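Engineer: Given next are the chains, with one letter for each unit.
Number of protein chains: 2
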Amino acid sequence: MKFSVQQDALLNIVQIASKAVASRTTKNVLLGILLEATENTLTATAYDTELGIQTHIQTTDDNHLLVDEPGSIVLPARYLLEVVKKLPAQSVTCQVHDNYTTDIHSGQVDFHLHGIDAAEFPKLPVFHNAQSIQLSSSDLRNLIRWTHFATSTSEVRPILTGIHLQSSETQITFTATDGLRLGTKSIIYEAPQANVWDAILPAKSLIELLKLISDEEQTISIQFTSSHSLFSLGGTLFYTRLIDGAYPDTTRIVPTVHRTEVIVPHNEFTDAIDRAALIARDRDSNNMIRMEVKDSELVISSSSPEIGNVSESLQVLSQSGEDLMIAFNAKYVLDALKALNQDEVSIHFNGANQAFVLKEHGQEDGLQLISPVLMR
Amino acid sequence: MKFSVQQDALLNIVQIASKAVASRTTKNVLLGILLEATENTLTATAYDTELGIQTHIQTTDDNHLLVDEPGSIVLPARYLLEVVKKLPAQSVTCQVHDNYTTDIHSGQVDFHLHGIDAAEFPKLPVFHNAQSIQLSSSDLRNLIRWTHFATSTSEVRPILTGIHLQSSETQITFTATDGLRLGTKSIIYEAPQANVWDAILPAKSLIELLKLISDEEQTISIQFTSSHSLFSLGGTLFYTRLIDGAYPDTTRIVPTVHRTEVIVPHNEFTDAIDRAALIARDRDSNNMIRMEVKDSELVISSSSPEIGNVSESLQVLSQSGEDLMIAFNAKYVLDALKALNQDEVSIHFNGANQAFVLKEHGQEDGLQLISPVLMR
Numbered sequence: 001m002k003f004s005v006q007q008d009a010l011l012n013i014v015q016i017a018s019k020a021v022a023s024r025t026t027k028n029v030l031l032g033i034l035l036e037a038t039e040n041t042l043t044a045t046a047y048d049t050e051l052g053i054q055t056h057i058q059t060t061d062d063n064h065l066l067v068d069e070p071g072s073i074v075l076p077a078r079y080l081l082e083v084v085k086k087l088p089a090q091s092v093t094c095q096v097h098d099n100y101t102t103d104i105h106s107g108q109v110d111f112h113l114h115g116i117d118a119a120e121f122p123k124l125p126v127f128h129n130a131q132s133i134q135l136s137s138s139d140l141r142n143l144i145r146w147t148h149f150a151t152s153t154s155e156v157r158p159i160l161t162g163i164h165l166q167s168s169e170t171q172i173t174f175t176a177t178d179g180l181r182l183g184t185k186s187i188i189y190e191a192p193q194a195n196v197w198d199a200i201l202p203a204k205s206l207i208e209l210l211k212l213i214s215d216e217e218q219t220i221s222i223q224f225t226s227s228h229s230l231f232s233l234g235g236t237l238f239y240t241r242l243i244d245g246a247y248p249d250t251t252r253i254v255p256t257v258h259r260t261e262v263i264v265p266h267n268e269f270t271d272a273i274d275r276a277a278l279i280a281r282d283r284d285s286n287n288m289i290r291m292e293v294k295d296s297e298l299v300i301s302s303s304s305p306e307i308g309n310v311s312e313s314l315q316v317l318s319q320s321g322e323d324l325m326i327a328f329n330a331k332y333v334l335d336a337l338k339a340l341n342q343d344e345v346s347i348h349f350n351g352a353n354q355a356f357v358l359k360e361h362g363q364e365d366g367l368q369l370i371s372p373v374l375m376r
Numbered sequence: 001m002k003f004s005v006q007q008d009a010l011l012n013i014v015q016i017a018s019k020a021v022a023s024r025t026t027k028n029v030l031l032g033i034l035l036e037a038t039e040n041t042l043t044a045t046a047y048d049t050e051l052g053i054q055t056h057i058q059t060t061d062d063n064h065l066l067v068d069e070p071g072s073i074v075l076p077a078r079y080l081l082e083v084v085k086k087l088p089a090q091s092v093t094c095q096v097h098d099n100y101t102t103d104i105h106s107g108q109v110d111f112h113l114h115g116i117d118a119a120e121f122p123k124l125p126v127f128h129n130a131q132s133i134q135l136s137s138s139d140l141r142n143l144i145r146w147t148h149f150a151t152s153t154s155e156v157r158p159i160l161t162g163i164h165l166q167s168s169e170t171q172i173t174f175t176a177t178d179g180l181r182l183g184t185k186s187i188i189y190e191a192p193q194a195n196v197w198d199a200i201l202p203a204k205s206l207i208e209l210l211k212l213i214s215d216e217e218q219t220i221s222i223q224f225t226s227s228h229s230l231f232s233l234g235g236t237l238f239y240t241r242l243i244d245g246a247y248p249d250t251t252r253i254v255p256t257v258h259r260t261e262v263i264v265p266h267n268e269f270t271d272a273i274d275r276a277a278l279i280a281r282d283r284d285s286n287n288m289i290r291m292e293v294k295d296s297e298l299v300i301s302s303s304s305p306e307i308g309n310v311s312e313s314l315q316v317l318s319q320s321g322e323d324l325m326i327a328f329n330a331k332y333v334l335d336a337l338k339a340l341n342q343d344e345v346s347i348h349f350n351g352a353n354q355a356f357v358l359k360e361h362g363q364e365d366g367l368q369l370i371s372p373v374l375m376r
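Residue numbers (the working numbering), protein chains in the order written: chain S, 1 to 376; chain X, 1 to 376.
Bear in mind the hints are in silico, worked out from the structure with no lab data behind them.
As the structure is a computational prediction, the values presented were derived from the model and not from experiment.
Do not take every clue at face value.
The list treats identical chains as one, so a pair stands whether inside a single copy or across any two.
Unchecked claim - In silico EDC-like links for lysine to aspartate or glutamate, alpha-carbon gap of 16 Å or less:
| no. | residue 1 | residue 2 |
| --- | --- | --- |
| 1 | K86 | E268 |
| 2 | K86 | D274 |
| 3 | K123 | D139 |
| 4 | K85 | D274 |
| 5 | K19 | D139 |
| 6 | K294 | D282 |
| 7 | K19 | E208 |
| 8 | K86 | E169 |
| 9 | K86 | D271 |
| 10 | K2 | D103 |
| 11 | K331 | D98 |
| 12 | K27 | D117 |
The shape of chain S in the complex, shown without the other chains:
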């Protein structure tokens, strides 16, 4: 293999692929990035066998990609990335020798990195004529941001480390729960054909995917097999394995009625919870804060025997239903509020010992459900 290309273009594809390189493994080849050069295309691939990223560039007037000799090589990601990053902003030539040693040459600089035979690199999952869903990047970003933090980080129930994706002919829904909270969000969607999917995607993978979704609006296509899914974003392919098993039926735990509803300003409410959380950070408090709803006022408070206490009142925009006093994990509410994008938040309670729901006020396509801390 031999090619030359501008340093910034090479750095870009190596950086994108590097997010899927294994961090801990005894297999050297999984610590590498596969570079493949064909006629006028350079492809970078990393695949830790859970998560795979493949991206490419084609010759343009900017990147000056010139492939002298098609071929492929696996190079250690850590060094490849650092080397390319530190090369001058000019043309880089890359040439593989018979013993897999690879010259990376630019101006007066000559690196030789020990490579690995590309044949040893694991094969990416194959998607044969799989049907696809098309989503806008902002919708996909929203679905992930709304749910990823509510997944479990414990491997005791691996299914709960994933985000449940369900698609019907009219909408796509992402749902996540760790057993104490739940986030769910739906996007209206007109399927070009009957697409009914049900899959559990690792939250870890989708958090990496989130970083790849650019701010520029684009269409992302998603395909599934029984074991994997593939997201296509422009020139980048993002593969993830699916989590095996049946996701629990979460519709039953979402309350359909409420006894109290308050509407609060997003920022002021977030700031108040954030301040109360300060005093609830020690081990005994475990982030527990209290909230009293009374006469169209919220009183948010917390206390710690060691540190002190805090109390803050906040006028609600509206209250309907009975007063109540409830306790909850401040971190759960702060996480949930981060996902909510509107200036006004509605909170729906069913008494002190029932889970409560946060929504963007007036929006019915998503909700955050949080279990309270039972009051002594």
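For chain S, the structure is supplied; the task is to place chain X on it using the hints.
Structural biologist: What follows is chain X alone, placed relative to chain S:
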């Protein structure tokens, strides 16, 4: 004690003082910040008994400081800082009760923090009529930046964890060495009276001091007792203990002659060393890279059996004296180059197995001395 003040002004003095709060201690009072209010002044102090910072504000039209009741209290730094940071940008009222509980009040927000009697707070060292040195902030910053990294981090010889300050009537010199490298820098200085000082200041303290020196040019006064020194920067007092003992005589190890001198462009030379260091990062290489000086060219190279190798040539701006091949720790040279402020660097060698010297080209008031790795 009772005072009110704008949140940003309170945050500013608490943040400055917090840099001297003890990080690990069993004495709760050392984890606190002492707040003292007098007629029209609010003072914040932290002192971990090695390093002390005291800063204050006086009433202005901006900060609206109003002291209703003079007094003092020690509050836990970690919580005080976070609480003040998260308060709204408006007036904050602070009031101490008989049991040392302290109300921090702003708008609808009410914090109560458990305080500690100010009488328990350690006393700062006393400087009675001590003579002082005056330095510009840029000179002091330069003296610290030129030396701090060359101190030892090992407590085997505590003296080498300090920076040696020597002042005569005409100049001030900072010197640091860890036994394998040495940085020294002098500033011309006209003493108003005969000031001859010799002191060893903990590098850790001076690194904290560096963060306090603002970009705005100002005069900093330095005072000494036999055990402590005090830096006065505007409204902030910075105290540090001195390290006991006699600093080794370093003048004898600085070579006064050289057999080879090259002048190189600072940026290109730094980039080349930086790239070569990439391949020398593994444990076996221990940052060792090689440099050949030959026919007005430098060839910088490194190799690792596991990773590969790199070689890069660089045209020197001038060479005088004999050719040579030398090996050194790339980190030492990169650290030294960071202290050098000019576009051209002169390097002075005395053969492959003698320490070499880096200077800002044409400047004789500072140097970086580095021991080579002995060539096998």
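Engineer: Could you run down the list of hints and mark each one as holding or not?
Structural biologist: Each hint, compared with the structure:
For a Cα distance limit of 16 Å, the shortest separation of K86 from E268 across copies, 12 Å, qualifies, whereas the shortest one inside one copy, 45 Å, does not. When the C-alpha separation of K86 and D274 is checked against a cutoff of 16 Å, the pair qualifies only between copies, where the shortest distance is 8 Å, while the shortest distance within a copy is 41 Å. Taking identical chains as interchangeable, the C-alpha atoms of K123 and D139 are never at most 16 Å apart, the minima being 30 Å within one chain and 60 Å between chains. In this homomeric assembly, K85 and D274 come within 16 Å of each other (Cα to Cα) only across copies, at 11 Å, whereas the closest approach inside a single copy is 39 Å.
For the homomeric pair K19 and D139, neither the shortest alpha-carbon distance inside one copy (22 Å) nor that between copies (44 Å) is at most 16 Å. Proximity of K294 to D282 under the C-alpha cut-off of 16 Å is found in neither arrangement, the shortest distances being 28 Å within a copy and 63 Å between copies. Taking the shortest alpha-carbon separations for K19 and E208, only the intra-copy value of 7 Å comes in at or below 16 Å, while the best inter-copy value is 35 Å. Proximity of K86 and E169 under a CA criterion of 16 Å is satisfied in neither setting, with 49 Å inside one chain copy and 46 Å between copies.
Taking the closest pair of Cα atoms, K86 and D271 come within 16 Å of each other only across two copies (8 Å); inside a single copy the shortest separation is 42 Å, beyond that limit. In this assembly of identical chains, the alpha carbons of K2 and D103 lie at most 16 Å apart only when taken from the same copy (9 Å versus 70 Å across copies). For the identical chains of this complex, K331 and D98 are neighbours neither inside a copy (56 Å) nor across copies (34 Å), given an alpha-carbon limit of 16 Å. Taking identical chains as interchangeable, the C-alpha atoms of K27 and D117 lie at most 16 Å apart only when both belong to the same chain, with a minimum of 13 Å there against 60 Å between chains.
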